[in-house]
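> Below, each chain spelled out in residue letters.
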Amino acid sequence: MKDMKNHLTKVRRGRGEVAYGVFNYIFFTVLCIIMVYPFWHVVMMSLSSVEATAKGGIFLWPKGFNLDTYAQVFKDPSIWTGYLTTVLVTISGTFLGTLFTATTAYPLSKKDLPFGKTMLLLVLFTMLFSGGMIPGYLLIKGLGLIDNRWALVLPGLVSAYNVIIMKSFFMTIPESLEESAKIDGATEVTIFWKIVLPLSKATIATIALFTAVGYWNDYFSSVLYINTKSRWALQAVLRYMLTNTNQAMQSAGVTVASATNVTAATIKSASVVIATVPILCVYPFVQKYFVKGVMIGGVKG
Amino acid sequence: MKKRTLALLLAGMMTVGMLSGCGDSGSGDSGSQGGQSGSQEEQSGAQEEQAGDEGGNTPVADEKIDVLNQSETMKMSVVCLQGYTQPDSQIQKWLEERYNLDIEVLALPGWSDATAKITLLMQDETQRPDIIWWWNMEKDYSQWVDAGLLVDVAPYMEKYTNMRDYYNSIDPGVLFYASDASGAIYRIPGDVAEPACETLWIRQDWLDNLNLEVPKTLDELESVLYAFTNDDPDGDGQNNTYGLGGDGYDLRSFWPWIQGCGDGLGRDTFLKMDDGSYIYGPTTEDCKTWLGRVSKLYADGVITPNIITDTDRDEEMANGGFGVTYSWVSWNNPSVGPMQSFYSTHPEAKWVPIDMVSGDNGTPQDDPASVAAWCYFGITNTCSDPERAYAIWDDMATPENYIHRRFGVEGEHYKDNGDGTYEILVPSDGTQNTEQNIGLKLFQDLFARKDFCNIENTKSTSELFEKVAANSRIAYSHTVEKKNPEAYTVNNEKGTDIGDAMKEYVWGVIGGSKSLDDWDAYVQQIESLGVQDIIDELTTLHGAQMKEYEEYMKNANG
Amino acid sequence: MAENKGTKKTDFKTRCQTTWKDMVKYRWLYFLLIPGILFFAIFKYVPMGGLRIAFMDYNQYNPAKSTWVGLDQFVKLFSKASFLPVLRNTVVISLLKLIIGFPIPVILALMMNEMRSLKFKKVSQTLLYLPHFISWVILAGIIMTLLDPDNGLITQLIYNLTGERVMVLTSTKWFVPMLIVTDIYKGMGWGTILYFAAISGIDPQLYEAASIDGAGKWKQMLNITLPSIVPTIVVCFIMNCGNILNAGFDQIFMLYTSHVYEVADIIDTYVYRMGLINSDYSFSTAAGMFKSVVAFILIVFVNNVAKKTGNEGLY
Numbered sequence: 001m002k003d004m005k006n007h008l009t010k011v012r013r014g015r016g017e018v019a020y021g022v023f024n025y026i027f028f029t030v031l032c033i034i035m036v037y038p039f040w041h042v043v044m045m046s047l048s049s050v051e052a053t054a055k056g057g058i059f060l061w062p063k064g065f066n067l068d069t070y071a072q073v074f075k076d077p078s079i080w081t082g083y084l085t086t087v088l089v090t091i092s093g094t095f096l097g098t099l100f101t102a103t104t105a106y107p108l109s110k111k112d113l114p115f116g117k118t119m120l121l122l123v124l125f126t127m128l129f130s131g132g133m134i135p136g137y138l139l140i141k142g143l144g145l146i147d148n149r150w151a152l153v154l155p156g157l158v159s160a161y162n163v164i165i166m167k168s169f170f171m172t173i174p175e176s177l178e179e180s181a182k183i184d185g186a187t188e189v190t191i192f193w194k195i196v197l198p199l200s201k202a203t204i205a206t207i208a209l210f211t212a213v214g215y216w217n218d219y220f221s222s223v224l225y226i227n228t229k230s231r232w233a234l235q236a237v238l239r240y241m242l243t244n245t246n247q248a249m250q251s252a253g254v255t256v257a258s259a260t261n262v263t264a265a266t267i268k269s270a271s272v273v274i275a276t277v278p279i280l281c282v283y284p285f286v287q288k289y290f291v292k293g294v295m296i297g298g299v300k301g
Numbered sequence: 001m002k003k004r005t006l007a008l009l010l011a012g013m014m015t016v017g018m019l020s021g022c023g024d025s026g027s028g029d030s031g032s033q034g035g036q037s038g039s040q041e042e043q044s045g046a047q048e049e050q051a052g053d054e055g056g057n058t059p060v061a062d063e064k065i066d067v068l069n070q071s072e073t074m075k076m077s078v079v080c081l082q083g084y085t086q087p088d089s090q091i092q093k094w095l096e097e098r099y100n101l102d103i104e105v106l107a108l109p110g111w112s113d114a115t116a117k118i119t120l121l122m123q124d125e126t127q128r129p130d131i132i133w134w135w136n137m138e139k140d141y142s143q144w145v146d147a148g149l150l151v152d153v154a155p156y157m158e159k160y161t162n163m164r165d166y167y168n169s170i171d172p173g174v175l176f177y178a179s180d181a182s183g184a185i186y187r188i189p190g191d192v193a194e195p196a197c198e199t200l201w202i203r204q205d206w207l208d209n210l211n212l213e214v215p216k217t218l219d220e221l222e223s224v225l226y227a228f229t230n231d232d233p234d235g236d237g238q239n240n241t242y243g244l245g246g247d248g249y250d251l252r253s254f255w256p257w258i259q260g261c262g263d264g265l266g267r268d269t270f271l272k273m274d275d276g277s278y279i280y281g282p283t284t285e286d287c288k289t290w291l292g293r294v295s296k297l298y299a300d301g302v303i304t305p306n307i308i309t310d311t312d313r314d315e316e317m318a319n320g321g322f323g324v325t326y327s328w329v330s331w332n333n334p335s336v337g338p339m340q341s342f343y344s345t346h347p348e349a350k351w352v353p354i355d356m357v358s359g360d361n362g363t364p365q366d367d368p369a370s371v372a373a374w375c376y377f378g379i380t381n382t383c384s385d386p387e388r389a390y391a392i393w394d395d396m397a398t399p400e401n402y403i404h405r406r407f408g409v410e411g412e413h414y415k416d417n418g419d420g421t422y423e424i425l426v427p428s429d430g431t432q433n434t435e436q437n438i439g440l441k442l443f444q445d446l447f448a449r450k451d452f453c454n455i456e457n458t459k460s461t462s463e464l465f466e467k468v469a470a471n472s473r474i475a476y477s478h479t480v481e482k483k484n485p486e487a488y489t490v491n492n493e494k495g496t497d498i499g500d501a502m503k504e505y506v507w508g509v510i511g512g513s514k515s516l517d518d519w520d521a522y523v524q525q526i527e528s529l530g531v532q533d534i535i536d537e538l539t540t541l542h543g544a545q546m547k548e549y550e551e552y553m554k555n556a557n558g
Numbered sequence: 001m002a003e004n005k006g007t008k009k010t011d012f013k014t015r016c017q018t019t020w021k022d023m024v025k026y027r028w029l030y031f032l033l034i035p036g037i038l039f040f041a042i043f044k045y046v047p048m049g050g051l052r053i054a055f056m057d058y059n060q061y062n063p064a065k066s067t068w069v070g071l072d073q074f075v076k077l078f079s080k081a082s083f084l085p086v087l088r089n090t091v092v093i094s095l096l097k098l099i100i101g102f103p104i105p106v107i108l109a110l111m112m113n114e115m116r117s118l119k120f121k122k123v124s125q126t127l128l129y130l131p132h133f134i135s136w137v138i139l140a141g142i143i144m145t146l147l148d149p150d151n152g153l154i155t156q157l158i159y160n161l162t163g164e165r166v167m168v169l170t171s172t173k174w175f176v177p178m179l180i181v182t183d184i185y186k187g188m189g190w191g192t193i194l195y196f197a198a199i200s201g202i203d204p205q206l207y208e209a210a211s212i213d214g215a216g217k218w219k220q221m222l223n224i225t226l227p228s229i230v231p232t233i234v235v236c237f238i239m240n241c242g243n244i245l246n247a248g249f250d251q252i253f254m255l256y257t258s259h260v261y262e263v264a265d266i267i268d269t270y271v272y273r274m275g276l277i278n279s280d281y282s283f284s285t286a287a288g289m290f291k292s293v294v295a296f297i298l299i300v301f302v303n304n305v306a307k308k309t310g311n312e313g314l315y
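Protein chains in written order, with the numbering used here: chain A, 1 to 301; chain B, 1 to 558; chain C, 1 to 315.
The reader is advised that the hints may include incorrect statements.
Said to hold, decoys possible - Below, simulated DSS-like cross-link-like pairs (lysine-lysine); rule was C-alpha separation at most 27 Å, straight line:
no., chain 1, residue 1, chain 2, residue 2
1, C, 65, A, 141
2, B, 514, B, 159
3, B, 483, C, 65
These are computed hints drawn from the structure, not numbers from a lab. Computed from a prediction, not measured in an experiment: that's the story for all the values here.
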């Protein structure tokens with residue numbers, strides 16, 4: 001490893017490259033600042049006083065700093081039950097989903113598998129066509145999963161998109177690696193488990209990340225399949241808070257008095273922070289596989 | 001490496017196991033629930049048959065049910081969106097004890113997804129709640145009635161009269177619009193707005209600073225707007241104020257001009273004339289007149305520029321920066337959030353409600369609200385005892401019980417000052433309500449009283465409501481209210497396109513991107529989209545409905 | 001004739017036999033496929049029967065009362081005066097998003113790959129994907145603040161640059177560019193993840209060999225990195241083509257008003273507004289099906305083009 005690094009730095013860098021390097025740093029620094037802004041805005045708003053945020057405007061620093069909002073939000077029991085549901089659903093969904101995505105994608109990456117192409121097309125078809133809300137509901141009802149947390153996990157386990165992405169990554173693995181194992185008499189299951197999966201850490205990390213974020217951000221399954229509020233996922237709780245205004249009524253042309261309860265902007269933004277930060281913390285763990293993938297590829301090669 | 005993979009696997013398995021544990025308990029719950037509603041269903045099935053035999057009328061015994069002395073605990077699942085939704089609140093327990101109930105609160109998932117959830121709950125006989133709540137959804141409602149999912153409560157209304165009497169006291173029309181052609185009532189009005197909810201507000205302190213009088217006519221109002229914009233009413237030496245402001249992308253913000261130009265027929269909808277004919281407001285000359293005046297004001301910069309974008313009304317109000325607005329009467333209550341925010345940063349300011357300015361024809365009008373309820377609730381065929389459910393709800397509607405459900409216990413959550421005024425000690429939107437799980441505002445939109453029982457209103461707010469109500473009757477006489485919107489098929493087919501074209505042009509003119517010179521082309525476009533067909537349909541259908549309405553009102557008053 | 005038939009038969013027979021042999025040979029692969037097949041069959045294909053709703057006047061509360069109406073729902077959709085303009089807006093917006101937005105994550109990933117400081121690389125990667133987690137509800141509020149005609153930061157910026165007070169949210173000229181920019185903004189960081197995964201799979205020996213040959217960083221990027229991630233780029237591109245009629249409902253719905261219907265009203269927003277007056281489950285299913293059919297045709301077409309030009313494609 002050290003050797004390689006030394007080797008790379010030994011290469012002489014031309015003037016253009018140095019200039020480009022500097023440009024790169026400046027470019028990404030500016031870009032990062034722009035990208036962070038909305039999140040920063042939300043965080044600062046959540047730390048501000050209710051009166052100041054009602055006025056709206058730009059938030060670079062909190063106006064009337066306080067932590068009351070967080071204290072208040074955490075006293076709402078539905079945030080905690082939401083966390084519980086979301087964490088359980090995300091972990092189990094990601095684990096099972098990634099596993100099944102891989103077991104589906106690997107056989108389909110074999111070009112000479114009989115009916116492989118047909119199956120791939122059938123998978124692709126589900127990316128574009130779906131039965132819709134009510135047939136989906138009837139299925140879950142038929143499985144006896146209404147108001148059960150499994151209804152939040154199962155329908156989203158494997159997506160056609162992820163299968164196709166994973167399949168195309170598997171196709172880049174050199175055949176020769178698998179051939180040698182086959183000569184040793186290993187079955188495809190062993191090859192898949194012992195050779196293909198370890199070689200595809202970056203891919204698995206990516207798909208796991210996509211799946212996890214998908215589960216984490218999913219609110220509509222709760223809307224469809226869960227009736228008891230204490231079993232809602234966090235995002236459903238959050239969305240209930242966010243859209244709890246009379247806007248929908250107004251757009252439907254209904255006159256209503258203003259006595260609707262409008263959640264203060266601070267509470268809204270605090271809930272966004274609370275719902276987003278945990279999933280953000282996952283990324284650094286996934287990220288290391290992108291960097292590590294290089295090394296392992298090198299060792300094996 | 002291997003050990004870690006193994007550990008990861010194990011961890012994954014464990015969470016899956018945990019989930020299934022929870023899921024099991026969950027499925028156990030829903031299983032028992034399913035079983036129960038299954039038995040309920042049998043009963044309701046029998047009931048349905050009965051209803052069929054009797055030609056849609058639910059047979060009712062003469063004897064009243066004494067809801068306070070029932071030995072059998074009744075299960076009752078209730079759907080609600082706004083208000084308090086945490087389970088097992090103090091108010092819920094109070095209701096459960098009082099009526100021997102076992103209440104399950106089914107919270108809807110917020111405005112944008114509520115319709116989908118209501119659809120799913122209603123189409124699934126195992127999950128259908130005992131009390132359903134909804135708004136709009138006219139087509140679904142007629143399908144529910146058609147499929148026998150809702151119970152006719154008209155016979156119950158004869159026996160248990162609190163809710164009926166309240167609605168008849170505000171306007172007998174409320175129940176007319178809730179009933180169907182045969183007189184059956186499958187939907188109970190959930191919330192009916194005050195007859196008018198908005199009033200003209202002005203910054204008294206700005207008027208005083210500039211030595212101006214309260215405007216009485218539309219012309220005077222306009223000159224005040226110019227003064228507020230150009231003469232530095234807040235005296236900070238900066239050109240940072242506007243005349244008119246308010247809710248963005250809502251034509252009601254321009255109500256003073258809409259009601260004041262011509263005969264006030266330039267409203268953004270279909271209108272009924274005194275001779276029984278119908279017109280489309282946005283193509284009248286009145287509309288052209290007010291558009292001309294408002295667009296000039298906008299171009300001259302006396303209206304906040306973002307009024308043509310979809311801003312948040314509360315945020316605009318809290319922000320301030322303008323001196324006139326047409327907005328909620330209830331902002332007169334000191335407890336209202338946006339006003340508190342505004343005053344916290346503008347302690348010197350003073351908003352006061354003023355009389356509507358008079359325009360061309362000298363009869364100033366406030367914006368009338370609909371007499372028909374904006375939301376309804378109904379008892380479904382899965383309810384084990386619909387009559388008892390209705391009787392309970394009717395008992396909950398008495399002033400005393402309503403105030404308890406809505407505002408809590410006297411001395412603890414609110415204070416009776418003894419002179420007809422009250423002081424709210426624990427606001428229902430506050431944190432204390434959730435923290436202590438009190439449950440104020442439980443079932444908020446499943447029967448709400450806007451009379452003296454709404455003790456949140458101060459004395460002056462109540463008077464203001466009465467004033468704008470009285471001051472909106474001429475305008476209301478033109479309002480088209482539909483008893484059965486689903487029946488207006490032409491409107492339902494062409495209405496969206498006409499409304500879109502209207503909004504595009506009207507807002508375009510206000511913002512200055514479209515010109516009043518193209519008025520004739522615009523009117524032609526609206527006509528080509530079939531506005532006359534809708535008017536013809538209104539003449540037939542709505543004309544017939546109005547005859548029915550007059551008959552009904554004669555009976556109600558006689 | 002008879003002979004011909006005979007040979008065909010044996011052809012078929014032998015083909016069947018070889019297929020069977022292959023299937024036996026790959027039995028373990030089929031074993032791996034079992035959970036996937038079960039999943040797609042149960043959770044995707046069982047509810048798929050619901051597509052028939054598009055050809056019905058469906059009554060979800062009393063399915064027995066539903067009637068078959070053939071293509072009526074589609075005719076209703078196509079015969080709307082607004083259908084063509086709305087379709088055009090949808091295609092224009094999503095095409096612009098695709099053409100302008102698609103290459104950006106690729107470029108970003110390549111640029112970031114050239115960064116020497118591992119720490120900086122990691123931090124900037126993490127920060128770039130933050131906007132992906134802010135929902136359109138929240139983002140729309142922030143966008144409206146930034147574009148406020150009075151004191152919005154971006155309005156000021158445009159004013160200082162052009163001397164013009166632009167109201168982006170109500171301008172038919174600026175609204176669509178705003179949609180494109182904010183969409184790219186929200187998605188570009190997240191979009192790089194796939195390419196990072198692809199880049200991390202490249203054999204480092206290739207770079208070593210190239211640098212020994214004296215190839216500079218630029219050349220290495222063009223000759224090694226880029227070609228190595230082309231398969232991923234192609235796959236992503238084909239799949240993004242499937243979104244041709246999804247111009248972004250949430251984003252547009254949160255930001256649009258009648259001022260910009262002319263350019264920004266898309267199929268989804270139009271169907272939504274139709275549903276406000278008269279909710280019609282069959283009609284919206286038909287509209288969704290129309291979108292899916294177009295997307296399917298386009299994906300098949302683009303996939304064929306990709307294969308003809310020597311790429312792997314989706315299938």
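> Residue 483/B and residue 65/C were given as a pair; does the straight-line alpha-carbon distance stay at or below 27 Å?
The hint holds at about 24 Å.
> If you draw a straight line from the CA of residue 65/C to the CA of residue 141/A, is it 27 Å or shorter?
Since the Cα atoms of residue 65/C and residue 141/A sit roughly 21 Å apart, the hinted pair holds (cutoff 27 Å).
> Could you grab the alpha-carbon distance between residue 514/B and residue 159/B and see if it respects the 27 Å cut-off?
violated, 58 Å
The structure does not agree with numbered hint 2 stated previously, though it agrees with all others.
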